[in-house]
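K.L.:
Protein chains in written order, with this note's numbering: chain R, 36 to 89; chain U, 8 to 171.
Fair warning: there could be bad hints in the mix.
[Said to hold, decoys possible] Part of the chain R face toward chain U, derived, beta carbon under 10 Å: (1) Ala66; (2) Arg68; (3) Phe71; (4) Leu76; (5) Ile82; (6) Leu85.
[Said to hold, decoys possible] Cβ-Cβ distance ranges computed for the label pairs, FRET-style: (7) R/Phe71 <-> U/Arg77: 34 to 42 Å; (8) U/Ser156 <-> R/Pro41: 23 to 31 Å; (9) U/Ile73 <-> R/Ala81: 39 to 47 Å; (10) R/Pro41 <-> U/Ala141: 28 to 36 Å.
[Unchecked claim] Restricting the straight-line Cα-Cα distance to at most 16 Å, the calculated cross-link-like pairs of lysine to aspartate or glutamate (EDC-like) are: (11) U/Lys11 <-> R/Glu73; (12) U/Lys87 <-> U/Asp45; (13) U/Lys11 <-> U/Asp102; (14) U/Lys11 <-> U/Glu55; (15) U/Lys11 <-> R/Asp46; (16) U/Lys87 <-> U/Glu25; (17) U/Lys11 <-> R/Glu67; (18) U/Lys168 <-> R/Asp78; (19) U/Lys150 <-> U/Glu25; (20) U/Lys150 <-> U/Asp115; (21) U/Lys87 <-> U/Asp102.
Hints were generated in silico from the structure; no laboratory data involved.
Since the model is a prediction, treat every value here as computed from it, not as a measurement.
Positions of the beta carbon are idealized from the N, C-alpha and C atoms, including for glycine.
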Amino acid sequence: MAAPNPAPLPDYSDDGVDLSLIRWMLSLTPAERLQFHEQHLNDILAIRELNGGA
Amino acid sequence: MERKFSALLRALHENGVEFILVGGLAGVLNGAPINTFDVDIVHARTPENVARLQRVLESLDAVFRIQPDRRLRPDASHLKGPGHLNLLTSQGPLDLLGTIGSGQSYQDLLPHSADVNIGGGIRIRVLDLETLVALKEELGGDKDRAMLSILRQTLNETRNKEVR
């Protein structure tokens, strides 16, 4: 008899934190996390700049 | 201004500065999906390390962030103190923390940090998630509370991942 499928992991915590995003971050190496964050942040700053720094 | 956190961390590492990455970027390196706009470090306040740190700050054109137009530069006496120095460098904002929480220094935090590879052959000390959560709980400010839920859930997921 096949083992029952484990219960699916919830996507959100009780206080609304996106757990799938955390699991994705944890799948990266620290170097990849730093690179992603740096790129993400510079994209945000570039968009703000295009909108007059608002 | 473009942020080059990796370049900033590389400059500190390559000049032999003893420091521990703390704050939001330490959360990111530990896997927390949060945004942060500066680099926070706790540095060793020995005369030798202060001299090394001062050389790096000069190479990064660091000035106090509160009045950047006045171009006020931190000196050795600032770096030897337990307080917080909020600086602006050529690679983005850098906060130097002599101590954090209830007066915890570089030496106090060292056992609560891990050696982390951030790419390009660079390894730095990063505060662990348990201590980061404990510090944010202790500080209890609005900004810290907003980050706290994500840090706690990241800690839970890290522990779950270890047992899965």
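K.L.:
Work down the list of hints and note, for each, if the structure agrees.
P.N.:
Hints and how they fare:
With 10 Å as the threshold, the beta carbon of alanine 66 of chain R comes within range of chain U, its nearest partner Cβ sitting at about 3 Å, so the hint holds. About 6 Å separates the beta-carbon of arginine 68 of chain R from the nearest beta-carbon of chain U, less than 10 Å, and the hint is met. About 9 Å separates the beta-carbon of phenylalanine 71 of chain R from the nearest beta-carbon of chain U, less than 10 Å, and the hint is met. A distance limit of 10 Å between C-beta atoms decides the matter here; for leucine 76 of chain R the minimum to chain U is near 5 Å, and the interface restraint holds.
The closest approach between the C-beta of isoleucine 82 of chain R and any C-beta of chain U is roughly 13 Å, which is over the 10 Å cut-off, so the hint fails. The restraint placing leucine 85 of chain R at the interface with chain U is violated, with a minimum CB-CB distance near 14 Å, outside the 10 Å limit. At about 35 Å, the beta-carbon gap between phenylalanine 71 of chain R and arginine 77 of chain U stays in the expected band of 34 to 42 Å. Taking 23 to 31 Å as the suggested C-beta distance range, the pair serine 156 of chain U and proline 41 of chain R conforms, at roughly 25 Å.
Distance hint check for isoleucine 73 of chain U and alanine 81 of chain R: the Cβ-Cβ separation is about 25 Å, which falls outside the suggested range of 39 to 47 Å. For proline 41 of chain R paired with alanine 141 of chain U, a C-beta distance near 31 Å keeps the hint of 28 to 36 Å intact. A C-alpha spacing of about 7 Å is found between lysine 11 of chain U and glutamate 73 of chain R, which places the hinted pair at or below 16 Å, so the restraint holds. Distance check on the hinted pair: lysine 87 of chain U and aspartate 45 of chain U sit about 21 Å apart at the alpha-carbon level, beyond 16 Å; violated.
With a C-alpha separation of about 14 Å, the suggested pair lysine 11 of chain U and aspartate 102 of chain U falls inside the 16 Å cut-off, and the hint holds. Distance restraint check for lysine 11 of chain U and glutamate 55 of chain U: the Cα-Cα separation of roughly 26 Å exceeds the 16 Å cut-off, and the hinted pair is therefore not satisfied. As the CA atoms of lysine 11 of chain U and aspartate 46 of chain R are separated by approximately 32 Å, the hinted pair breaks the 16 Å bound. About 13 Å separates the Cα atoms of lysine 87 of chain U and glutamate 25 of chain U, which keeps this hinted pair within 16 Å; it holds.
Of the supplied pair hints, the one linking lysine 11 of chain U and glutamate 67 of chain R holds, its CA atoms being roughly 14 Å apart against a limit of 16 Å. Proposed proximity of lysine 168 of chain U and aspartate 78 of chain R is contradicted: the alpha carbons are some 30 Å apart, above 16 Å. A hinted pair counts as satisfied when its Cα atoms are at most 16 Å apart, and lysine 150 of chain U with glutamate 25 of chain U does not qualify at roughly 27 Å. For the hint linking lysine 150 of chain U to aspartate 115 of chain U, the alpha-carbon distance of about 24 Å lies beyond 16 Å, and the restraint is violated.
Taking the CA atoms of lysine 87 of chain U and aspartate 102 of chain U, the gap is near 14 Å; set against the 16 Å cutoff, the hint holds.
The structure fails hints 5, 6, 9, 12, 14, 15, 18, 19 and 20 (numbered hints given earlier, in ascending order).
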